[in-house]
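Student: Sequence:
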Amino acid sequence: MTEPARWQRGDPFELPDWVGEQVLTWCLGGPLSDPQVHGTLSGGEGHELSLHIVCADVAYPAPVVSELLRRESHLSWHLGQVLVLDSGRCLGLAVPVSTLDADIACEALRRFAMAVAVEPSRVRVTIPL
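Numbering (my numbering), first residue to last: 5 to 133.
Careful: at least some of the hints might be erroneous.
[Said to hold, decoys possible] If you anchor each label on the Cβ, the simulated ranges turn out as follows:
hint	residue 1	residue 2	range
1	Arg10	Asp105	19 to 27 angstroms
2	Tyr64	Arg13	21 to 29 angstroms
3	Met118	Tyr64	28 to 36 angstroms
Bear in mind the hints are in silico, worked out from the structure with no lab data behind them.
Virtual Cβ for every residue (Gly too), placed ideally from N, Cα, C.
Could you put together the complete structure from these sequences and hints?
Tutor: Right under this line is the structure:
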């Protein structure tokens with residue numbers, strides 16, 4: 005599990021230009037049952053970006069995010085947004101849940117698309133069965 009200090013507030017406008025210009029596909033890279041669901045966002049021409057979905061309410065055996073980021077994730081979600089996180093190595097989407105399912109993952113990615121000014125219909129989600 006990740007130390008809370010690893011994640012910091014990210015800036016959705018500090019992403020590569022291709023994120024706003026291409027059809028995007030997010031592929032699940034690990035089990036949905038993990039508190040940090042690994043995923044990869046890709047566009048055409050071989051562009052890729054690590055984009056994880058982080059269950060901000062997980063606190064055992066250690067918090068996944070700081071208390072401040074947990075509260076910010078709740079506020080963002082309440083306002084119809086998603087909190088973008090940055091670890092220095094990858095980005096994360098903080099969702100105010102302790103367990104994730106496919107519906108919440110898709111909703112987080114829809115909100116991410118809105119945050120980066122991408123029409124949600126240009127985002128594809130791949131979750132292997």
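Student: If a hint holds in the structure, say so; if it does not, say that too.
Tutor: Do the hints match the structure? See the list:
no. : hint                               : result
1   : Arg10 - Asp105: 19 to 27 angstroms : holds (24 angstroms)
2   : Tyr64 - Arg13: 21 to 29 angstroms  : holds (23 angstroms)
3   : Met118 - Tyr64: 28 to 36 angstroms : holds (32 angstroms)
The earlier numbered hints are all upheld by this structure, with none contradicted.
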